[in-house]
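Take the sequence shown: its letters are residues 147 to 414, numbered as in our numbering.
Hints in this document: simulated from the structure, not taken from any laboratory.
Among the hints, erroneous ones may be present.
In the BS3-like style, the derived pairs of lysine-lysine whose C-alpha atoms are separated by at most 25 Å in a straight line are [to be verified]: (1) K192 to K383; (2) K405 to K392; (3) K405 to K383; (4) K405 to K386; (5) K386 to K192.
Across the chosen pairs, the derived CB separations fall in these ranges [to be verified]: (6) S210 to N174: 35 to 41 Å; (7) D202 to H323: 18 to 24 Å; (8) T357 to Q390: 16 to 22 Å; (9) E380 to S216: 33 to 39 Å; (10) N238 to L354: 22 to 28 Å; (11) G401 to D202: 24 to 30 Å; (12) S286 to D399: 36 to 42 Å; (13) Y287 to Q387: 19 to 25 Å; (14) K392 to L354: 36 to 42 Å; (15) S334 to G403: 41 to 47 Å; (16) Q414 to E348: 27 to 33 Å.
Just so it is clear, CB atoms sit at the ideal spot from N, CA and C, and this is done for glycine as well.
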Amino acid sequence: MKKFSRNLLIISIIVFAVGAVALVASANHSWGSYHWARTSNPFTLKLGDNVSTAWDVYLNTASSQWSESSVLDTTIVAGGTNNTKGRLTPKNCVPTSGRIEVCNAKYGSTGWLGIAQIWISGDHIVQGITKLNDIYFNTSYYNNAGWKGLVLCQEVGHDFGLDHQNEDFNDEPIVEHTCMDYFVPSASEVVGPNVHDYEQLETMYGHLDSTATATLSEPSKGNSVEVDLDNPAEWGKSLKQDSQGKDNLFVRDLGNGRKVFTHVFWAQ
147 MKKFSRNLLI ISIIVFAVGA VALVASANHS WGSYHWARTS NPFTLKLGDN VSTAWDVYLN
207 TASSQWSESS VLDTTIVAGG TNNTKGRLTP KNCVPTSGRI EVCNAKYGST GWLGIAQIWI
267 SGDHIVQGIT KLNDIYFNTS YYNNAGWKGL VLCQEVGHDF GLDHQNEDFN DEPIVEHTCM
327 DYFVPSASEV VGPNVHDYEQ LETMYGHLDS TATATLSEPS KGNSVEVDLD NPAEWGKSLK
387 QDSQGKDNLF VRDLGNGRKV FTHVFWAQ
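With these hints in hand, go ahead and build the complete structure from the sequences.
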């Protein structure tokens, strides 16, 4: 009987372990089928630098971390919005076709730390923005390497088409930390992507397209719809909520197969 019990315990442990591995391996954290179109891998995606000097180190770090992917590289270029380097005034973060614009400003007491927005045509991302709200990042709680690195890395990851790995701040952080997780970082901990983020990108970008949306030689400006996308009322339909019950993913249908998705990182 003891031998039977011991064998049963061993079998149970093996089944649990196999199930856990299968769960990790089958996990999916993309926004769906949305991705940047490109005709070769790895491809290069431009990050427009519209951030102040206080944010440059975090933009540089995130660019370096995401470029470790086998399917994409990022390069930082001069920003294409109406930002003047070093100014911390509210502004529109105007998107530019073919790349991601990264901006910081005092956007007001909006409740959000960061926003990622992507414009879609069919299944293809054609432009994206990341916005970082200095109303909160200038406070003692958020003004540190941990929070700034986490939010910037995560919002840029959303602009690639990635979703979160976990959305519950009450959970323990994923063992191998990732910026695509919701957790409270230590003040000095700059968390980047983990192995599964890179694997997810490989899955999303494992095929090639006949056209390219990430390599436009003469980018054009415009948000494809005359609405104030700083205004939550213009974000469109809520698609899901986080563990706190807050809507954190929205879609606005622009017609003719075009959409704008807005991912929101709410302040705690």
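Here is how each hint holds up against the structure:
1. K192 to K383: 29 Å, violated
2. K405 to K392: Holds, at roughly 22 Å.
3. K405 to K383: At roughly 11 Å apart (the allowed maximum being 25 Å), K383 and K405 satisfy the hint.
4. K405 to K386: 16 Å, holds
5. K386 to K192: 29 Å, violated
6. S210 to N174: 35 to 41 Å: 26 Å, violated
7. D202 to H323: 18 to 24 Å: This hint holds: roughly 23 Å between Cβ atoms.
8. T357 to Q390: 16 to 22 Å: 40 Å, violated
9. E380 to S216: 33 to 39 Å: 37 Å, holds
10. N238 to L354: 22 to 28 Å: Hint violated: Cβ distance 34 Å, outside 22 to 28 Å.
11. G401 to D202: 24 to 30 Å: 38 Å, violated
12. S286 to D399: 36 to 42 Å: 41 Å, holds
13. Y287 to Q387: 19 to 25 Å: Roughly 24 Å apart at Cβ, these two residues keep to the hinted range, so it holds.
14. K392 to L354: 36 to 42 Å: The hinted range 36 to 42 Å holds for K392 and L354, with Cβ atoms some 38 Å apart.
15. S334 to G403: 41 to 47 Å: 45 Å, holds
16. Q414 to E348: 27 to 33 Å: 32 Å, holds
Hint compliance for this structure: hints 1, 5, 6, 8, 10 and 11 are not met, and every other hint is.
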